[in-house]
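Protein chains in written order, with numbering that gives the first Met the number 0: chain A, 0 to 162; chain B, 0 to 162; chain C, 0 to 162.
Hints are not guaranteed to be accurate.
Among the chain A residues that face chain C by a calculated CB cut under 8 angstroms, a handful are [stated by the list, open to error]:
| hint | residue |
| --- | --- |
| 1 | 9 |
| 2 | 13 |
| 3 | 75 |
| 4 | 79 |
| 5 | 82 |
| 6 | 86 |
| 7 | 118 |
| 8 | 130 |
Computed footprint of chain A on chain B, listed as stretches where at least three residues anywhere in the stretch have a Cβ under 8 angstroms from a Cβ of chain A [said to hold, decoys possible]:
| hint | segment |
| --- | --- |
| 9 | 89-96 |
| 10 | 103-117 |
Partial list, derived from the structure: chain C residues whose beta carbon lies under 8 angstroms from chain A [what the hints assert, rightly or not]:
| hint | residue |
| --- | --- |
| 11 | 12 |
| 12 | 57 |
| 13 | 67 |
| 14 | 68 |
| 15 | 119 |
| 16 | 150 |
Source of the hints: derived by calculation from the structure; they are not laboratory data.
The structure presented is a predicted model; accordingly, all values stated were derived computationally and were not measured.
Virtual Cβ for every residue (Gly too), placed ideally from N, Cα, C.
Each chain, letter by letter, is given below.
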Amino acid sequence: MTEGAAGGSAGDCLALYDLFAAYGALIDAAEFDAWLALFAATCTYHIVPRENYERGLPAGLVYCDSRAMLEDRIRALREANKYNIHTDRHLIGLPRVTGEEGDAKLVEAPVAVYQTDQEGETRLFATGLYCDRIVVEAGDLKFRDKLVLLDTFAVPSLLATPL
Amino acid sequence: MTEGAAGGSAGDCLALYDLFAAYGALIDAAEFDAWLALFAATCTYHIVPRENYERGLPAGLVYCDSRAMLEDRIRALREANKYNIHTDRHLIGLPRVTGEEGDAKLVEAPVAVYQTDQEGETRLFATGLYCDRIVVEAGDLKFRDKLVLLDTFAVPSLLATPL
Amino acid sequence: MTEGAAGGSAGDCLALYDLFAAYGALIDAAEFDAWLALFAATCTYHIVPRENYERGLPAGLVYCDSRAMLEDRIRALREANKYNIHTDRHLIGLPRVTGEEGDAKLVEAPVAVYQTDQEGETRLFATGLYCDRIVVEAGDLKFRDKLVLLDTFAVPSLLATPL
């Protein structure tokens, strides 16, 4: 057992942990440019209710099939958030490498997202599972495909932040 | 500080993290055969309210003193779950090695379990602490004794999934 | 990528994870002397609502500017807790090194704290972000400055436990 759990070196595994830690932290700090920089030049970002995904239904809550779409989405969210003030807090569990596909690692991590409103009350917003393809680009780990499987399908269809 | 936090190598520590990540993920994916494979050939699995445990009261919610009992329990849950549809999401904190006992490591990790019902609403189901004895069997880390100390003792006595 | 995510060795990074795991576990187990031992000889401990912090308002919920103040605070909490029985459960996300300042590492980690009352009901108490300065003292990592940024500002001003 001198290898990391991911089948790579310990450093590889910790870089993976750090990618997920940064992912959640940057959303919570509303640092969306730095957050976008965690994605590969060619990337996708989907939020799909778990139930739809398991039944093979295509309907997703958020569907960004390119980096340009993801950047557009973030621009729209920033505009909307001027009027919808809340803060987020992501709790992301330990990431787990479940396989490989070409040059990408398949990685999953559970997540719970809390939101705090203007009255200062914090509520569970959603739980789910990240099912991602992660690649190395210019020496850094990046999300090439991020799929957020939402347990909670009763969320507002216009999500005010990325998950 | 070239050693992992557990006093072993970094690889050992990450293998431990991966064991807990797999434990939660496999319950949430209802992959119970793969989940059972995380336990040693000789194993125990107990769920006990924290209060009972601290007072030395024996009463537990789930009491499996052998692998056969644990397998029976899982069979029963699968049957029950045909009628009690919900999904789980485990958020498990960083595992922490607290000691050794013979060839086993004593490891603790906090956990929050969320359940989503058929209406798509997600609620906190329980929080607690895993207090486990973990051994190496055929080169892999396995749970020999898993004790789930539940903070929440107001849970249904017939648990519909493992925790 | 042979380096840990923190820019240090994998062992350094895991020691950091272990420090946060111990921090939460020792509060939850009410082992406050061991918890105090995670702080440097010279240390600070502040709990501030995130909103106040971002606006530069000084008002904090807890303000301990020295180790003596922190020890006093813990003594007071122990006394108060004889009459206010509840248990805590900390779920702390992956810590993330965000920079350096002199001999200290700047480290952040998200947290959710649950409390269980005497009726056995568990509720989300608060979410927030640890923003800490961590140093090496006699070979061990210690918290020199711990700042708990609370998302939830609607918490009782007399907190019954440390966060």
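Chain C contact restraint on residue 86 of chain A - CB to CB distance below 8 angstroms
Result: holds, 6 angstroms to nearest chain C Cβ.
Interface hint outcome for residue 119 of chain C [beta carbon to chain A under 8 angstroms]
Check failed: Cβ of residue 119 of chain C comes no nearer than 20 angstroms to chain A, outside 8 angstroms.
Taking the closest Cβ pair, is residue 150 of chain C under 8 angstroms from chain A?
With a minimum Cβ separation of about 4 angstroms from chain A (threshold 8 angstroms), the hint on residue 150 of chain C holds.
Taking the least C-beta to C-beta distance, is residue 82 of chain A closer than 8 angstroms to chain C?
violated, 18 angstroms
Close enough to count: is the Cβ of residue 130 of chain A nearer than 8 angstroms to one in chain C?
violated, 18 angstroms
For the hint on residue 12 of chain C, just tell me whether its beta-carbon gets within less than 8 angstroms of chain A.
Holds, because the Cβ-Cβ distance from residue 12 of chain C to chain A comes to roughly 5 angstroms (cut-off 8 angstroms).
Next item in the hint list is residue 13 of chain A. Is there a CB on chain C closer than 8 angstroms to its CB?
Because about 4 angstroms separates residue 13 of chain A from the closest Cβ in chain C, which is inside the 8 angstroms limit, the hint holds.
Would the stated hint for residue 9 of chain A survive a check requiring a Cβ distance to chain C of less than 8 angstroms?
Holds, because the Cβ-Cβ distance from residue 9 of chain A to chain C comes to roughly 4 angstroms (cut-off 8 angstroms).
Does residue 75 of chain A pass the interface hint, meaning its C-beta sits closer than 8 angstroms to a C-beta of chain C?
violated, 23 angstroms
8 angstroms C-beta criterion, at least three residues: is the segment 103-117 of chain B covered by chain A:
Since three or more residues must qualify, the claim that chain A covers the segment 103-117 of chain B holds, with 3 doing so at under 8 angstroms.
Can the hint on residue 79 of chain A be confirmed by a CB-to-CB distance to chain C that is less than 8 angstroms?
Hint violated; residue 79 of chain A Cβ to chain C Cβ min 20 angstroms, cut 8 angstroms.
Min Cβ distance, residue 118 of chain A to chain C: is it shorter than 8 angstroms?
holds, 7 angstroms
Violated hints for the displayed structure, listed by number in ascending order: 3, 4, 5, 8, 12, 13, 14 and 15.
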